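Each protein sequence line maps, in turn, to chains R and A. Heads up, the first sequence is in my numbering, so the first residue is 1 and it goes up one at a time. Heads up, the second sequence is in my numbering, so the first residue is 1199 and it goes up one at a time.
By construction, these hints were calculated from the structure, which means they are not laboratory data. Only a predicted model underlies this, so the values are computations on that prediction, with no experimental measurement involved. Watch out, some of these pointers could steer you wrong.
Claimed, not checked - Using 20 Å as the maximum straight-line C-alpha spacing, the simulated SDA-like pairs for lysine to any residue come out as follows:
#1 R/788 / A/1428
#2 R/737 / A/1376
#3 A/1308 / A/1240
Stated by the list, open to error - Just some of the chain R residues that point at chain A, by a computed CB distance under 7 Å:
#4 165
#5 310
#6 327
#7 735
#8 781
#9 818
#10 819
#11 830
#12 834
#13 841
#14 843
#15 844
#16 847
#17 876
#18 879
Each residue gets a CB set at the ideal place from its N, CA and C atoms; glycine is no exception.
Listed here are the chains, written in short residue letters.
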Amino acid sequence: MPPTGIETSRMNRKKGDKGFESPRPYKLTHQVVCINNINFQRKSVVGFVELTIFPTVANLNRIKLNSKQCRIYRVRINDLEAAFIYNDPTLEVCHSESKQRNLNYFSNAYAAAVSAVDPDAGNGELCIKVPSELWKHVDELKVLKIHINFSLDQPKGGLHFVVPSVEGSMAERGAHVFSCGYQNSTRFWFPCVDSYSELCTWKLEFTVDAAMVAVSNGDLVETVYTHDMRKKTFHYTLTIPTAASNISLAIGPFEILVDPYMHEVTHFCLPQLLPLLKHTTSYLHEVFEFYEEILTCRYPYSCFKTVFIDEAYVEVAAYASMSIFSTNLLHSAMIIDETPLTRRCLAQSLAQQFFGCFISRMSWSDEWVLKGISGYIYGLWMKKTFGVNEYRHWIKEELDKIVAYELKTGGVLLHPIFGGGKEKDNPASHLHFSIKHPHTLSWEYYTMFQCKAHLVMRLIENRISMEFMLQVFNKLLSLASTASSQKFQSHMWSQMLVSTYGFLKSISNVSGKDIQPLIKQWVDQSGVVKFYGSFAFNRKRNVLELEIKQDYTSPGTQKYVGPLKVTVQELDGSFNHTLQIEENSLKHDIPCHSKSRRNKKKKIPLMNGEEVDMDLSAMDADSPLLWIRIDPDMSVLRKVEFEQADFMWQYELRYERDVVAQQESILALEKFPTPASRLALTDILEQEQCFYRVRMAACFCLAKIANSMVSTWTGPPAMKSLFTRMFCCKTCPNIVKTNNFMSFQSYFLQKTMPVAMALLRDVHNLCPKEVLTFILDLIKYNDNRKNKFSDNYYRAEMIDALANSVTPAVSVNNEVRTLDNLNPDVRLILEEITRFLNMEKLLPSYRHTITVSCLRAIRVLQKNGHVPSDSSLFKSYAEYGHFVDIRIAALEAVVDYTKVDRSYEELQWLLNMIQTDPVPYVRHKILNMLTKNPPFTKNMESPLCNEALVDQLWKLMNSGTAHDWRLRCGAVDLYFTLFGLSRPSCLPLPELGLVLNLKEKKAVLNPTIIPETGAGAQESASNAGCHAQLAGFQNPFSSSQDEEEVDMDTVHDSQAFISHHLNMLERPSTPGLSKYRPSSSRSSLMPQHSLGCDIIPPTKPPWSMELSRKGIGKEQPLEMGVHSMVAAPLSVFAKESTSSRHSEHHHHHHHEHKKKKKKHKHKHKHKHKHDSKDKDKEPFAFSSPASGRSVRSPSLSD
Amino acid sequence: MADAAAGPGGSGTRPGSKQSTNPADNYHLARRRTLQVVVSSLLTEAGFESAEKASVETLTEMLQSYISEIGRSAKSYCEHTARTQPTLSDIVVTLVEMGFNVDTLPAYAKRSQRMVITAPPVTNQPVTPKALTAGQNRPHPPHIPSHFPEFPDPHTYIKTPTYREPVSDYQVLREKAASQRRDVERALTRFMAKTGETQSLFKDDVSTFPLIAARPFTIPYLTALLPSELEIQQMEETDSSEQDEQTDTENIALHISTNSSLSGSRNGEESIIDNPYLRPVKKPKIRRKKLTLKQVLNSLNIIFDGLAAIVAEPGYR
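Build the full structure now, drawing on both the sequences and the hints.
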């Protein structure tokens, strides 16, 4: 087969992604999805899809589509039966016989497997042959209609069924189903081109029970009863070209609420929750107005739907014209804390409607543009809704997060460009996963990726101004909406795809500014900047000598060259200076404007024009400097460690009006436990104009300072008198006022102060009795009867405060913890917890916040040795059927118990839950928590670390999590945390002592035998097999394409094939059903397709070719049957001629490589021959009914 | 009118035989006589020239019970809101409750041909036996007409506070409320724990800190998200003022929507929201125009087959 568009388009994109060229030899224009039966009892779905495609090359004879989990019954192209093969290498990444257990090997194999079915590379799991009758038709580039009948049985991913086990019909039980997944996961529930770059129009039909509603994308055209009147069919059309990955579905007995402000917007929730839905969505129209105004663009779709469902995969998922939310975001008017969170979720999803759903991306490396823009406009909404303080605080928080993550893991790359595929070019070699595909990314990395994307957008805004920024967005949107209205010119639709190149071009067109350096620094390169600053004041010259150093050698850092803003607050005012950070200049002289303290009585002007009186007595008499800030606008992604005197931090805290500065100074003051710091913090705490989050931060800082000053502290415990003054009755200071949360600022402060106070410790390192009594009194006198708002979060925080007050028990040589030796303070605490936890059963609080806090507190008591350590309580709360927040809190406790008690049993229990729990989010979360709080790490000796565990986890990530990308990546993360990149140390030594090091082209002793020395060793540690595989990945296409090409020819020659195929299809229930069970043949399959390893025949599908040549004789076709993943019909290609040509071909191919890799080839052959011999009989052993059938199939026996 | 006037006289005859043995009886008689005058005058107003005694009696009886019912009901309403004195709104609510159109009342009161009835004669005032008089009876406050009975003897209402000052000290009250609530909660949870399954933090002691066992729910989000009845009640109490406003605006809204001819307001439009999810479900199109019995049977078979095999026929729409 001559190279199709694939190669050329890939080349083009590498050059700088100009324009869009489809990786596919056809253009999809329209797709019909019809699901005509949904069975909630059996959790199954039956339906068909019909794709309308136009070939773009004359010799199109095979069509690759994406499909996972689906059982495909029949494929027809223009009403002619078509043969198909189904092969999904991601089902089992490394074949089970391999004893490889190192993560490097796995990650490479996994990345290769994902590429092998990546729609952005023109690949897919499902390969359909165009019947020979249509070849002529295809050559004329005429339309093809591909009709695929499929079903889905108990899907493990992509489509999630929630079926509560109560009495009644499915609708009465509140059973529902919805689509979900991470990135492009639509292939899990219907065959499609699961790419964000293949747009088409849609017709969606869902036949559901008459009591249910099916919500999907686009306009609901009509709802029609079926003939028996028991069901109805929802007909949707989506005329705006949309990627399959943005198609979604939710079916359930939803309550329907038409938005009172916007009648095109409809909200759906589960039965009984309508009042909450009304309240929760009552705000949405304001978000709409905001986005439409700033983007000067109408919402692109003609309607919008929000659906709130249970057991959500993520809290917010945006799809074309509809968003799916977790039902737990719903709240009533009484709830304070959840309200801003939910509104943020709504706003986020709406931002993604514009950028992400309507405007899609060209390729994975352009994802940052979409995430960046949607995150950026969401930030603008935050600024407008919650104010500048909240916005700046959020930016600071996000910046700190990304900085911490990058410094920890070594960098997040927004725009990965993949060069020749050389290992050393891998832009993310510091990571234990590939960043080439969204599906191989660690979830945490992806979250951080999104965070960095919107921060970089903000940097771009800083450079080109917001006005231009919004113009660029408007331009993108108007281009897209023009394109979307071109109903019959599907080539125009690529205008709806955004690329990095297009975005940057648009920026330079609109603003006329060159932002290339900025892009190069933050987008094309990973890492953040780490500044260390210090200064000296030169009195003679009246100059500030600022020294700014950078650390650009640690992982995750990069060197910054360019402008840097420094703000100096002097006695005469605040002055901005822009320094040029250059290669070798560390020192910067900044002339000061004021002489030191000339006239004391003068008011001091601040940055914002305000003039204030300050008590300057604390200042250094010789210096006019009050405080200095480096990069105050956060226009560099950086971490700044700046040294200035304590009084400067105190002035900054008191008088700097920027909340970020206030927070930074609070953090810095932790290191200066002096009475002056104490006073500054207390003043801030009392100041009502001060931003509440700053005041909350001041609480914790004050607690820390008080602890450091414990021996010199005078007066009542920190914050106590303050709290009494603010929240207690005037007449009886020990009694708190009845709750009134009308002022949210003081509510948050009231909640936080006791939690911080509980962290106070006396000289014996115990929580002062006074504080404990104080908190207990707060709980006792808590009275919410007159309050308009619920106090559940407040009470939960009081329990957190109790937990914070717990200190380790004084233990007399590990005595058993019993009631008798219980500390009296702990007894009081325990009494409260018991009562709260029990009351929750009778009067549950919103989202069970109190139960969650109680569980955490009990774990704290256990950990501190007051209560016997035991996991059974947590395990019972972790069961399915409890509210998800409770489950997570309980699981967190079990994870912690596993670590502290090194319990193998609990670890097994957790691992079992990861595999069997019905809620995907919980499974993901357990892995996540285990990774965050691992029972052991790679450099640690632990009784838990054994071979069985390695095998178990390996199996989990290798095949056990194939239905959920996020889960698999989570398992990889855990494996990495526990065992590192190389072979786990607890494993016995591999059989081969000698391995090849391809890099150095020599054989070395297997590094698993030699104790590993460092990170460098890890790289080379991967043993021969691994390297061999690696080399193979570099060209995953060539070999597989070649071999498949041969298949094709012969297939088309063979009339017998067609007739045989038809025979097969007429009995779909027999072999067809099991034929997609990969387990039957996965081991033999994977390498051939995924790795396409062309250098070392023996490593890869040894049995497939070698066997055929070895002359299993008549049974030759067997290998093909296996290879084609059970797709029985395919066995036909395995006619004698085929396979011989096929193998010849391969042989030839290998020949070229032999020269290069001669050296190690032999060694490998040796090893792998051994392998392949083992597997000689494998195909028989594994043969599924389908493959077995293929052996006996008539065409073969001929 | 003459006949009607005879009525009161006639009714007076029955107790008249005993001739005012009891002042209370006399009072009742006087009241009844007044009612009869009222009925008679209403009848006259309605255009009757004469009426049978029995019918006047019946009407009087009806009027009396109607008025008593208004009184009884208004009393209940006022007591319901923790007041002792009925207000106008209590009466209005009562009348509404009894199906009376209150709006017509002012017009009726101002009708031209209405008759004014003089106050009943004061002669037959009930006289309470003055067995024991202690102190001076209190005079009527200005808003009570003089024809109303006098206050009873002071000893029936004068109070002498002999008990302790009620606890009004804030601290003590809060203390009391807190400990009371705590005791109730503890007793309740202990009871629940005793009667049901429990979990314990200590292996050796199950009773000191009994935790009610965690029990999974079939639909966990309902209990977690919906406010409890207690909270709903609280919410209603605390923002009753706001709710009043709300109902006001709702009333206005209702008002406008009833007068939709006056204004094409938003509320007017609301009635014709065109949302596809609110549209009625269409009936299936019958494809075959003529159905023979055979075809019906066939289609039934198809349906049954379809039900039996969950796998639907692929091309079927």
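Results for each hint:
1. As the CA atoms of residue 788 of chain R and residue 1428 of chain A are separated by approximately 13 Å, the hinted pair is consistent with the 20 Å bound.
2. A hinted pair counts as satisfied when its Cα atoms are at most 20 Å apart, and residue 737 of chain R with residue 1376 of chain A qualifies at roughly 12 Å.
3. Taken as a hint, the residue 1308 of chain A and residue 1240 of chain A pair is honoured in the structure, with Cα atoms around 14 Å apart against an allowance of 20 Å.
4. Hint status for residue 165 of chain R relative to chain A: holds, with the closest Cβ pair at about 6 Å, below 7 Å.
5. Interface hint status for residue 310 of chain R: upheld, as the beta-carbon distance to the closest one in chain A is roughly 5 Å, under 7 Å.
6. Hint status for residue 327 of chain R relative to chain A: holds, with the closest Cβ pair at about 5 Å, below 7 Å.
7. With a cut of 7 Å, the hint placing residue 735 of chain R at the interface with chain A holds, because the nearest CB-to-CB distance is about 5 Å.
8. Hint status for residue 781 of chain R: holds, given a least beta-carbon distance of 5 Å to chain A, under 7 Å.
9. Because the smallest distance between the Cβ of residue 818 of chain R and any Cβ of chain A comes to about 5 Å, under 7 Å, the interface hint for this residue holds.
10. For the restraint placing residue 819 of chain R at the interface with chain A, the shortest Cβ-Cβ distance is roughly 4 Å, inside the 7 Å limit, so the hint holds.
11. Given hint, residue 830 of chain R at the interface with chain A, holds; its Cβ is 6 Å from that chain's nearest Cβ, closer than 7 Å.
12. Taken as an interface hint, residue 834 of chain R checks out: its beta carbon lies about 5 Å from the nearest beta carbon of chain A, inside 7 Å.
13. Evaluation of the residue 841 of chain R hint against chain A yields a held restraint, the C-beta minimum of about 5 Å falling below 7 Å.
14. The interface hint given for residue 843 of chain R holds, since its Cβ lies 5 Å from the closest Cβ of chain A, which is under the 7 Å cut-off.
15. About 5 Å separates the beta-carbon of residue 844 of chain R from the nearest beta-carbon of chain A, less than 7 Å, and the hint is met.
16. The beta carbon of residue 847 of chain R is positioned within 7 Å of a beta carbon in chain A (closest approach about 5 Å), and the interface hint is therefore held.
17. Because the beta carbon of residue 876 of chain R sits about 5 Å from the nearest beta carbon in chain A, less than 7 Å, this interface hint is met.
18. Restraint check, residue 879 of chain R versus chain A: the minimum CB separation of about 5 Å is within 7 Å; hint holds.
Every hint from the earlier list agrees with this structure, and none is contradicted.
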